[in-house]
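Visitor: Chain order of the listed sequences is C and V. For the first sequence, the positions run 1 to 542 when UniProt numbering is used. For the second sequence, the positions run 1 to 215 when UniProt numbering is used.
Worth flagging that the hints you see were computed from the coordinates, not collected in a lab. No residue lacks a Cβ here, since even glycine has one placed at the ideal position from N, Cα and C. Treat the hints with care, since some could be wrong.
What the hints assert, rightly or not - In the BS3-like style, the derived pairs of lysine-lysine whose C-alpha atoms are separated by at most 27 Å in a straight line are:
(1) C:147 <-> C:112
(2) C:340 <-> V:54
(3) C:4 <-> C:74
(4) V:56 <-> C:340
(5) C:52 <-> C:215
(6) C:52 <-> C:112
Unchecked claim - Which residues of chain C face chain V? A partial, calculated answer using Cβ under 8 Å:
(7) 72
(8) 140
(9) 290
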Amino acid sequence: MDYKNTYQNILSAVMNKGDVLLSHPSHYVSIASNSPSCRSIWWKFLLGVLPKDPSQWEAVVRQQRQSYDELRVKLSVTPGITEETEDLSLNNPLSQDTHSSWNQYFEDSEMKRLIRQDVERTFPEERFFHLPVIQEMMVAIIFCYSKEHPDVGFKQGLHEVLAPLLQVLDSDYRQYGQQQHAHPSLPVLDLLMDLAYLEHDAYCLLCGMMQRLSKWYVSRDPPPAPDLQQPLLQQPLLQQPFSDPVPVVPSPGEVSPLQARIELIHQQLLPALLPALALHLTRLDISPQVYAIRWLRLLFGREFSLAQLPLVWDAVFWCASCDDFPLADHIAIALLDTIKTQLLCGDYLTCLNLLMRFPHPADVTALLATALQQHIVHLQQVRRVTHLLFTLTDVFVDAFGSFKFSSVDGPADAGRQLQPLRPAPPHANGAAVGTSSPRLQEARLVLQEDSLLQQMADALSHHLTALGRRHLQLSVHTDGDVRAAMDSLLQVSRRLQEAARGEALSHEAASLKSLPPTRSHPLEHSPTRSHPLEHPLQGSPN
Amino acid sequence: MITSAHEQLRHDHDYLVKFLALGNSGVGKTSLLYQFTEGCFNSQFTSTVGIDFKEKRLVHRCSVTGREQGVHLQLWDTAGQEKFRSLTTAFYRNTMGFILVFDLTNEQSFLDIRSWMEQLRTHAYCESPDIILVGNKVDLTEQHVVSEARARDAAFKLGVPYMEASAATGFNVTACVLALVDAVLLRMNRVVDDTRLTLGKTVSPDDEVTSVCVC
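So here's chain V without its partners, still in its complex pose (with noise of 0.2 Å):
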């Protein structure tokens, strides 16, 4: 269930999650993103300048106890050049998932992903942060020049998730997102249950979340 937050969440128990999207330039990270908050594609886009910034409430229920949790979801969109490092540590604080993006038409994007990842770990809060790798462009087929196969591959060797995601038609984007705000949930909560603290709620050992529901 995705809907304004303001009306059904008392802010307290809203779980505030930060997500770093990457990727070389022109992948498409500012369309996934938008597609995601705003559910269009917008064609006219400026290139993203330093870093810009979306954001959207929404509930999560839990498909085992059925509970309903709130997330307010921020999302972070780099340019895709900025690699100084006193600059981008700015960017990072905080990020709990990071959206890695490559453009399945664009051979150079799929490559870099490997540099990326480099990066993501030096920066990120721990060595293996939760992380999703999207391949985005899946609607224009005929103009593929990185296979499923070869992109999944390269997911598996790198130890994250995978999937196929167009920003224009909308295919896959919520589910995207979703997946990485459920590992990051999945991660809090267990992390919440290790070291019993308290976030406004008590967590069982069984109460896992499992999945997203998106109703």
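Excised from the complex, chain C in its bound form (with noise of 0.2 Å):
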């Protein structure tokens, strides 16, 4: 296979993403590790960095260099040389004023040297990173990265984000540039694959990254409430020798996303999937926080080696959304699942050390396809309860005419929520069923909400007993059970279907006095409107 073909097969993925994400999960496996290597294009593509329409794609890698090149020229504050110059109280290197260039200069410098710090101790059994220019790239990508990003900043660990993007461009770029005169030349991988821009798209890429990392680096608490700390200090010393302090709960604005995805991982999908090294290690008492962060933060950088980092962070940049990697969640689980065996016979110690140390899995495409699966399963589930949420919303609307959540005292917010999460018209987009979808991503907090099934429960039972339907209404059991809940409300929904066809038809007219009697076939009643139950979110895939 030569250059061409490589890039036919990833514009041809491109093209279909949306539609072959789900039915066939382990197609991003022979496009990512196609030969010779586009991978870096991959990549650009799944991270955003490159615009889903290909014919946009020169322009775009021309106007985002340019800017790179103007970021750099922006952001090297020489001081002394600017317009300041005749005002010797910002114009001296000992001036305390913010605005002074030479404070300016001060703060970039030890910036720089804390990355630069960071950036020595990059993969030290590397010999790529030690190289001088490409540390020199490292350095100067990451401070335009932190500087841009001022929410962020620079944080420990971008470096390691950093280093196998950069590896993978330079491979990539490298080896195309050894073999441009064997291949027919194509213009548009001369542009996309050349070297002198190894720093320019390195930066666009890490900027694609940290686009959906960044919540997880967030590593400052916002301005604390000034009476949280004050009990703790009054505290005397307890009696029993290091003993911890009473908890401070920490209030929902505390909870770091980071700590809040640990959690999801540990206490929702860990207990769910691996049940008895869940037990295990809760009896250990051993808090996620102390191997997850990592594990997140670096996307697995350390528990992979280099060579196998790239397989798996093609999986997990093919599964990624705008804003997030929720493949993540279920490679933690498909790590933890390896070492299953050592940790659940482990006492503490030995436990922690696997996990602090993990040891590289030995198959990583195994690793990767058990991780896949789960995730798949996990949409699978997303789906059927944003189905069922459009059909009940759906079932509601038409046999009750004006209803609105907002009728019910307390969920007013539950329509709005909803709201984005109505399906597009079936085909017009095809990304729309990928895991990019906003919607899924807003079906998936509400996987995590069982507040809003009980708000529908709720809704629901209200109406019914409202207009006299006791025939109708079922116990739904919300009891903190989301699939119970679901399976429930399912249930009432095929009722309320199978009734609201019993009127029209007027089968059931004894029972159904009390609606008004002038009301048509509830389901036919308005059909230019795409009925959920047609819609291809229905579709099971393999």
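Once you've looked at the hints, go ahead and assemble the two chains, each given alone in its own frame, into the complex.
Guide: If you want it as structure tokens, here you go:
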């Protein structure tokens, strides 16, 4: 295969990504591991650095590279030669004024020193990262990123996120450069894989990656509530030596997104998928933070070897949404699964050592297959819930005309939350089916949000009671169990639909007396509207 | 005496002691702990992301009674940047002693000791936990920007003992950690005595551990 073929494969995958995402989960492998490699292009596309329309790629890439050049110029502050030169209160190295270019210069120098300190410690065993030119490049890229994203700033770990990206780009570009004359020339590839723009492209790729990762780098509390620390400091020395202080229950704003995600993985996914292991780790009192912080922040950069990592990231990027890497959850579980046996018979220290110095998995392909499989099962559940919610709202609207969630006390937000979940018309946009769809992301939230289901159940009961249709009044179980609630609601929804049909056919006149006599068939009432039952969301992927 | 405790001690007589190393990024926390547990210097470290962990079993002999006490030391090593309370709370759990490290060749790391102390006191099990302040990289004499007198003065004001060490040469590293072990065990024995708790052995009022013997 030559570059032309590889590139064509990528283009066709780009066009069909939404369709194949779920039906052929392993499809990404054939694209990413094509030889000769265009993985760099594939990653740029998956991370949204390259737009969906390949005809725009050239223009976009030129624009990005020019922007990066401008950014570097903008950020290189040379003290003393700006327009403030006349004002000596600003233009002197001892100026404390935050607007002084000297002050800026010293701040930047300190940030660069910190960045360099980490860059020099990047994968010590890899020669590539010790080349001075590569180290300078990494410092410049991370500096630009940190300055351009002040909400994130410089965070330790960025260098290890950048390193594998840089290596993949470098390897691709170098290989292409060497074989350029052996293959029929493709102008777009000449442009996309130009070693002269390694730094520019690595910066863009880092931005694409951090768009999904940066939330896990928040490392400072929001401004503390003044009364929180007081009781802790005044607490007398406890008689029991070294016992914990009374735990401070963090308010919702204080739980970092990273912590929330770690809790989701370890308190929901792990008990569901590996119950024995979940129990074991809980009994040993091993906080998942001690190992999972690094797993997520570096996207498993140390749990796999540097040779394995691109394969892992292929899969993670393939399932990426616009602001998240949802596959990370299931990779974490699949990793734990690989050493389950050792963990289960290990004591506290054995387990800590295993988790914190994780043995590189022997079979990455199998691990990724497991993770993808579980991810797809999860997506299917999300689809079911999403679909169910649509069905229910539609049934409500059909059966009761002016039904609104806001008509019930409390869940005034439910209607708004549901709105973005409504499926797009069938086939209008292939990508709508993929994980990148914000709609599925919302549905994902819904799945974790029992309260919304509870609200729906309450609303349902309320309306049924109000209408006196007692024969339809089913008990809806929502004791915090999402699945049971879903089943209950599904049942109610079916009964509602049956009743609605029965009503139209006037076969159940006796039990439906309370309804206005003029209502026509609810399900056929508005033929222009796309009913969720006909929507492809219902289709069950393989 | 520091030996592999597996051979010498029954586990139920070990004290489990947990330390946490704190300080700015790059001051050498990981290297110090590595020098202590492995007895050598490794310049090939990656920066710590989140938290890292090392362990060492040792036997501590009381110089008064000569009685040996098994100590299972857990050394936790934090990333210099981590400040998020809901995350770091997990790191501080059950920590008995703190190794607060700065770099003698880096002014900022010395200045930031104060804020580390504040963070530490907020999280620790009590208001005055056992702490040792360590000035690392003492071997790089030429590059020192923090004088010993200045560091001692700061330590005195903070009310914590101060030692200078070098993770590179190994100078004073063991002494630093063992001084903290000593302080923690003293406190432990005192509380054991005060509360008449039995932790697998009886402790009389005179039976205070006064030093840690490394033979």
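Visitor: Does each hint fit the structure? Answer for all of them.
Guide: These are the hints, each one checked on the structure:
1. C:147 <-> C:112: holds (11 Å)
2. C:340 <-> V:54: holds (22 Å)
3. C:4 <-> C:74: Judged against 27 Å, a Cα distance of about 38 Å means the pair is violated.
4. V:56 <-> C:340: holds (25 Å)
5. C:52 <-> C:215: Holds, because 25 Å separates the two Cα atoms, which is no more than 27 Å.
6. C:52 <-> C:112: With a Cα-Cα distance of about 35 Å, the restraint between residue 52 of chain C and residue 112 of chain C is violated, given a limit of 27 Å.
7. 72: Violated, because the Cβ-Cβ distance from residue 72 of chain C to chain V comes to roughly 25 Å (cut-off 8 Å).
8. 140: violated (18 Å)
9. 290: holds (5 Å)
Of the numbered hints given earlier, the model fails hints 3, 6, 7, 8; all others are met.
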